[in-house]
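A.B. asks: Sequences are here, hints too, so could you generate the full structure?
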Amino acid sequence: MDLIVNRVSVYYGDKVGIKDACVEAKKEEIIGFIGADGAGKSSLMFAIAGVKRFKGEIIYENYAYHSPKEAEKIKDKLGFMPQGIGLVLYPDLTVDEHLDFFSDIRELKRDEEYWRYRQRLLKMAGLAEFTDRLAKNLSGGMKQKLSLICTLIHRPKLLLLDEPTTGVDPISRQELWEILDENRKKEKSISLVSTAYMSEASKMDRLYLFDDQEIIASGTEKELIDMARDYTYEETECEEGCITFNKRTYSLRPLNAKKAEPTLESLFFVNALKKNKIPPPIQIEPREQKIEIPPIVMEARGLTKRFGDFVADDHIDMVLRRREIVGLLGANGAGKTTFIKMLLGLYPIDEGELYLLGKKISSPEDRQELKSKIGYMSQLFALYKDLTIYENLVYFAKMHGLGMEKALHRIEKLSKGLGFDKYINEFPKDVPLGIKQRFSLAAAILHEPVVLFLDEPTSGVDTVARAQFWKLLHQLKEKWDISILITTHYMSEAEYCDRVVVLKRGRKIADDTPQNLLKRFPNAKSFEEVFLELYKESE
Amino acid sequence: MRIFGTVFFKELLIFLRSIGLVAVVLYSFTIDVYIAGEGIEVKPKNVSVGYVDYSNSILPQKILSHLHPPEFKKPKPFTSQKELSQAIFNKEILVGLVFESDFEKSLLTDGKTKLNILLDSTAAAQSYITLYYLQNIVMRFVPQKEGFELKTHKLFNQNADTHMFISFSEFISVLTLIGVILSAAVFVKEKEEGTWDIMLLMPVDSKIIILAKAFSQVFIIICASILSMGYVVLTIFNTPFNGSFLDFFMLTLLYSLTLAGIGLFIASVSKDIMQVAQISILIMMPLIFLSGAWTPIYSMHPLLQKLSLLSPLRYYIEGSESVVFRGTATVDLLQYYIPLAIIGTALFIFGFKKIGRLF
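Which chain is which? The protein sequence lines are A and B, in order. Okay, so the first sequence: first residue is 0 according to numbering that gives the first Met the number 0, each after it adds one. Okay, so the second sequence: first residue is 0 according to numbering that gives the first Met the number 0, each after it adds one.
I should point out that these hints are in silico values taken from the structure, not numbers from a laboratory. A virtual CB, placed ideally from N, CA and C, is assigned to each residue, including glycine. It cannot be assumed that every hint is accurate.
[Claimed, not checked] The calculated PhoX-like cross-link candidates involving lysine-lysine, where the alpha carbons are at most 25 Å apart (straight line), are:
hint, chain 1, residue 1, chain 2, residue 2
1, A, K135, B, K353
2, B, K353, A, K370
3, B, K190, A, K372
4, A, K384, B, K73
5, A, K135, B, K270
6, A, K384, B, K270
7, B, K150, A, K384
8, B, K206, A, K372
9, B, K270, A, K428
10, A, K415, A, K470
11, B, K190, A, K428
12, A, K54, A, K156
[To be verified] Example chain B residues on the side facing chain A (calculated, C-beta under 10 Å, incomplete):
hint, residue
13, R1
14, V6
15, L15
16, M198
17, I235
18, F236
C.D. replies: Next up, the structure:
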């Protein structure tokens with residue numbers, strides 16, 4: 000073994016980052032870290048990279064280190080790319096200047112071999128033609144590829160990449176994986192890569208699954224899936240001690256049902272069962288106010304938004320029908336958030352028309368009146384962090400003009416129904432992300448809107464909470480006849496939507512049901528691949 | 000009105016919950032004002048004096064005996080003028096006295112004599128005030144033949160106590176800076192936390208939200224001002240309060256509204272709290288220095304004097320000083336009330352429009 004991580008723990012004050020993590024890796028291996036935000040992937044990367052104090056021991060090529068200071072010795076062999084698109088880049092430097100800079104701080108000799116290697120990296124990243132473009136003018140995918148080749152310029156033997164593909168478009172993601180694959184073969188390096196996408200597991204040699212600051216399982220993808228096999232059944236009625244999601248039911252006790260083929264996600268459900276962390280059931284009550292909703296709730300015709308020369312959204316048409324969940328999919332920078340903000344009236348529309356409930360929106364007064372019909376949950380579950388959950392909800396209810404009695408009644412009903420009632424007097428920062436997500440939703444639907452906009456509501460949330468959230472949305476749709484527009488960069492979530500709209504660099508490249516899309520690309524095994532095909536088709 | 004109350008009390012609650020902010024406001028309005036009043040003194044203190052006495056007579060020692068602590072250190076003798084100059088050059092001595100050999104003799108025979116004083120003028124304020132002291136000391140030894148006598152009557156501040164003026168000036172500077180930052184921060188914090196969009200989506204007239212948020216901060220500032228004036232400036236430094244408290248309160252209210260207007264403008268152009276702090280300092284510095292808080296207006300360049308007419312702070316300072324120290328009647332305060340009200344309303348409407356456009 001060339002890298003041995005032995006019972007490493009990282010603490011932030013008295014908060015645990017990762018506990019007792021053990022990892023082993025050989026040369027030429029790509030090791031995957033899979034788990035939700037806050038599961039401990041980044042903490043472990045920080046420890047191995049020697050940028051964060053840790054307990055335990057890390058041995059790299061027979062050199063053992065126990066602190067950032069001792070790790071100094073191996074830093075010239077190490078390449079670390081932190082999480083976040085373009086975080087290591089300088090917006091006002093060109094591609095070439097970046098490579099110069101990263102070579103200079105590593106004091107690389109500029110010999111023939113260096114230039115040959117550098118040229119190869121640029122070609123692999125598809126950046127050879129853009130060497131004098133400023134980093135701020137690169138697309139999200141190009142930025143990530145540039146960050147990666149900057150990390151590779153000194154030929155590191157131990158590569159640590161923290162979520163390099165999150166939010167990146169499917170084609171760039173595939174290219175990133177190709178670069179990594181070629182690099183490990185040519186340079187014989189160890190690559191540790193974390194990801195939020197389960198579907199990327201197939202690109203890795205071995206996987207470590209993270210949940211709740213612990214590594215819960217490790218092995219090859221096949222081995223891991225086999226671990227969940229005994230507990231995975233086809234969807235069935237089950238009373239206690241089980242979780243049902245996506246046509247499968249998980250239970251530790253034998254069920255009287257047919258076994259089903261598990262996936263990697265199944266393991267997270269089984270783990271939740273083993274730890275007895277079964278999410279509370281959701282019960283949505285019908286609307287209090289009965290209203291008549293027309294078949295077409297919202298219609299956008301040729302919506303366009305420009306920021307200077309940059310066209311964020313280019314003539315997008317979209318219809319949102321009653322009782323429909325529409326997924327708005329696309330990579331970072333595809334124009335999803337801008338589009339939603341235009342629909343909400345947070346951005347003025349540069350071109351095009353917008354109809355809500357059959358009425359054209361033209362004046363600010365129209366919008367004012369219709370705001371009461373819209374529910375919105377923003378990225379990051381934005382709420383007042385100095386108010387308790389209860390105070391937040393009361394505030395939102397009052398702002399929507401609900402009477403105190405009615406407000407309290409609805410808050411009680413929603414907090415019980417969505418299963419966060421025992422957290423109601425806590426501050427938002429003290430509750431798990433999954434709970435935060437639910438009470439943000441509660442705040443968005445307190446006034447019983449007819450249409451709900453959700454901007455990346457599942458980003459970073461763990462598998463079980465995510466599954467629960469999707470169930471919640473479907474129940475809401477059934478009971479309230481509500482239409483939901485939801486943006487996400489998890490392509491795999493397409494299958495939970497009634498219809499998906501795919502954006503690519505401000506243009507709509509698909510608008511169809513998930514079933515039809517799968518039919519259109521019979522060779523695609525998963526939605527990930529469907530989107531890769533869609534992106535390629537529209538190049 | 001109900002919405003106004005909801006937003007107003009929410010902002011107060013959030014302010015009280017942010018311990019850091021409460022601490023900064025309390026510190027600035029109490030301890031900071033106290034330290035400024037107590038600490039900054041324009042009086043000689045521990046001034047180092049050196050002398051060379053070539054005369055070997057009694058008079059120099061008599062003069063030197065007046066230079067004693069706490070204003071002066073014990074005068075240090077030097078053997079030659081060269082040595083003394085060297086000591087001044089090395090910053091060991093601030094003021095040097097050279098008594099010529101015929102110092103006492105000239106005075107006795109001719110009735111006049113000459114005392115040479117070497118001053119390190121880089122420490123301008125201290126050395127010039129020392130000079131003024133020396134002149135006073137020397138005067139006592141020289142009979143006033145001309146028959147002139149200066150009889151000074153110190154008005155409004157009998158002890159010529161600088162504490163209360165400086166603490167008052169500091170209070171006004173703190174009020175200005177904190178006022179602007181608080182009213183800008185209350186909007187920008189929402190941008191930072193991402194609640195801005197949610198606020199914009201409330202089916203409520205945005206004017207009410209803006210007003211409620213701005214007034215909640217004005218309320219906090221007024222409370223802090225009363226605390227600062229009441230406890231620090233008036234009680235600890237024993238500043239006499241000669242006018243009507245209501246007038247002072249009204250002036251402060253008008254001025255706080257002006258600050259809120261500036262805060263609204265800053266909020267509309269800032270993305271985060273850091274930017275608020277930077278832009279506030281950029282805007283407030285000229286405002287404070289043009290106002291006469293630290294430099295008297297009549298000693299400014301004529302152009303700057305004209306410019307200072309635009310500074311709302313100028314009217315607030317002159318107005319409130321009149322109320323506090325001179326006890327000016329309300330009618331005579333109109334010359335401050337009116338321009339302050341005009342500038343304040345204009346700035347508030349401007350800021351209101353600017354941030355309102357974002358709604």
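A.B. asks: It remains to establish, for every hint, whether it holds in the given structure.
C.D. replies: Comparing the hints with the structure gives:
Distance check on the hinted pair: K135(A) and K353(B) sit about 29 Å apart at the alpha-carbon level, beyond 25 Å; violated. Taking the CA atoms of K353(B) and K370(A), the gap is about 22 Å. The hint holds against a cut of 25 Å. For the hint pairing K190(B) with K372(A), the CA-to-CA distance comes to about 23 Å; that is within 25 Å, so the pair holds. A threshold of 25 Å between alpha carbons decides the hint, and for K384(A) with K73(B) the separation of about 61 Å lies outside it, so the pair is violated.
Simply put, K135(A) and K270(B) have alpha-carbon atoms about 19 Å apart, close enough for the 25 Å limit, and the pair holds. In summary, the hint linking K384(A) to K270(B) is supported, as the alpha carbons are separated by about 18 Å, within the 25 Å threshold. Between K150(B) and K384(A) the CA atoms are separated by roughly 65 Å; this puts the pair beyond 25 Å, and the hint is violated. With a C-alpha separation of about 21 Å, the suggested pair K206(B) and K372(A) falls inside the 25 Å cut-off, and the hint holds.
Using a Cα cut-off of 25 Å, the hinted pair K270(B) and K428(A) holds, with the two alpha carbons roughly 22 Å apart. Of the supplied pair hints, the one linking K415(A) and K470(A) holds, its CA atoms being roughly 16 Å apart against a limit of 25 Å. The hinted pair formed by K190(B) and K428(A) meets the criterion: a straight-line CA distance of about 18 Å does not exceed 25 Å. At most 25 Å may separate the alpha-carbon atoms for a hinted pair to count; K54(A) and K156(A) meet this at roughly 24 Å.
Interface restraint check: R1(B) against chain A, minimum CB-CB distance 7 Å, threshold 10 Å, status holds. With a cut of 10 Å, the hint placing V6(B) at the interface with chain A holds, because the nearest CB-to-CB distance is about 8 Å. For the restraint placing L15(B) at the interface with chain A, the shortest Cβ-Cβ distance is roughly 9 Å, inside the 10 Å limit, so the hint holds. With 10 Å as the threshold, the beta carbon of M198(B) comes within range of chain A, its nearest partner Cβ sitting at about 8 Å, so the hint holds.
Taking 10 Å as the C-beta cut-off, the interface hint given for I235(B) is violated, the closest approach to chain A being about 32 Å. For F236(B), the shortest C-beta to C-beta distance to chain A is roughly 35 Å, which exceeds 10 Å, and the interface hint is violated.
Going through the hint list in order, the structure does not satisfy hints 1, 4, 7, 17, 18.
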